[in-house]
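Enquirer: Below, each chain spelled out in residue letters.
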Amino acid sequence: MRCEDVQHALDGQLLGALKREDAAALDAHIATCRECQAVVADARRLQAEVRLIGTEGPSPRSWERIAASLENDPEFQRTAAADLQSDRRVWRLDWRWVALAAALILVVASSLLFLRRSLDSSAAPAPLAASAPADAGSDDLVTSIESELDLAAKHYENAIAGLERVANDSESPIDPALMATVKTNLQIIDQAIDDSRQALRTDPQSQFAQESLFDAFRRKVTLLQDTISLMNEMRKGNPARATAIASGLNKG
Amino acid sequence: MPVTSHAADVRLAARCRAGDLAAFEEIYRVHSTRLYAVAYRMLGHAEDAEDLLQEIFLLAFRKLSSFKGDASLGTWLYRLGVNACLDRLRSKARRNDRQTEWLDDQLPPVGATTMTAAGVLQRLDLERAVRELPAGCRAAFLLHDVEGFEHREIASMLGIAEGTSKSQVHKARMRLRGLLGRELTGGTQA
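Line by line, the protein sequences are chains A and B.
Just so we're aligned: the first sequence equals residues 1 to 252 in my numbering.
Just so we're aligned: the second sequence equals residues 1001 to 1190 in my numbering.
It should be emphasised that the hints constitute simulated quantities derived from the structure, not laboratory data.
Between beta-carbon pairs, the in silico distance windows are:
id : chain 1 : residue 1 : chain 2 : residue 2 : range
1  : A       : E4        : B       : S1065     : 45 to 51 Å
2  : B       : D1070     : A       : Q37       : 41 to 47 Å
3  : B       : G1159     : A       : A17       : 20 to 26 Å
4  : A       : A180      : B       : D1051     : 56 to 62 Å
5  : A       : E75       : B       : S1005     : 27 to 33 Å
6  : B       : L1124     : A       : E75       : 36 to 42 Å
7  : A       : E4        : B       : K1092     : 33 to 39 Å
8  : A       : P74       : B       : H1006     : 30 to 36 Å
9  : B       : A1018     : A       : R61       : 21 to 27 Å
10 : A       : D194      : B       : D1070     : 57 to 63 Å
11 : B       : S1156     : A       : G16       : 17 to 23 Å
12 : A       : R44       : B       : A1022     : 37 to 43 Å
13 : A       : E75       : B       : A1008     : 21 to 27 Å
14 : B       : E1162     : A       : P74       : 40 to 46 Å
Ideal Cβ positions, reconstructed from N, Cα and C, are used throughout, including at glycine.
Start from the sequences and build out the full structure, keeping to the hints where you can.
Expert: Structure, rendered in structure tokens:
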């Protein structure tokens, strides 16, 4: 390599694009030429020093200024407002779900309250119980509890039917396999509810049967709430969150 | 430089296009230091660099529709930033009516007035020396030696011949060498 070739080789080396054989030729030349050696060394040092300039980054307030300038930009405002409108449209749809969920929770909570009150009163000693025939009182109590249970179940089934109608009308594409899992889980919970109700008919004062029934109701509410959340997240286009919820649904 | 997936970049760009300020903040946290450094070196002043950074983000918002995900979002932003720097340099030169100083045409070496102790490279001196290079010469030098663009690309970006880019980079190096306390010999003769 000659001195006049050094600039070209140096350019390549500073860009990190110098071929191995050219790099070897450059090294061989600067090993014998002090002037070129100085030129190359200075250029490398300059590159390293200048690359450090400005690397401390912008001031801590810089983002605030940028955010303010974006927010004050008419085009940005228009775009953000349009997006907000679109979000509101989505939320108008979502409110149907939220309202349904709220109604469902209310119905179930009311039913549970009725049940607990009935069961509590069955557990407490009734003042008139002594004068009444024991079997007749017990039968009345069981009938009363049964009717409360039936009422709760009726409200419940109505709410679930409403939920299923909205789910069927929904444009949210729910994975059929996942939907099957939800249905299976619902069936299991329903079975638990039936078993608990059967146990309560046999022994209205059974603490275990009461707790089992309440637990089954709670699980059913949670499952339905999660299903609604999943549909909402899918509609909002939030697959990460939807996947997290779906993972919970799969666990039952 | 942080590694982001293509899909993540496209999603982030879509959020920015929709006017999501949080998405812009995400981009800012990842890329602002590099963009600021480029602007600072090109413009020579912290205030100017911050002004330009602000401009780059507004520009990014307006131009994001052109981001198709062919390159990473970081590369796209960087190119946008470099071009914004060059535009700012050109308009500054026009405002100051210093077109003749856009390129280095045998100006006196800066080392004579900016060098401190011989052989000692002071950061502030270096910054000032880079700043005092004619804008076009500074741009060519920074784009090549610091940012890693080839002369062919620089020629296209600055609207000059490839040979001019080479000579400007060479001249910038020679002038800045004065700060290193060495004699300006030209260094190309054996």
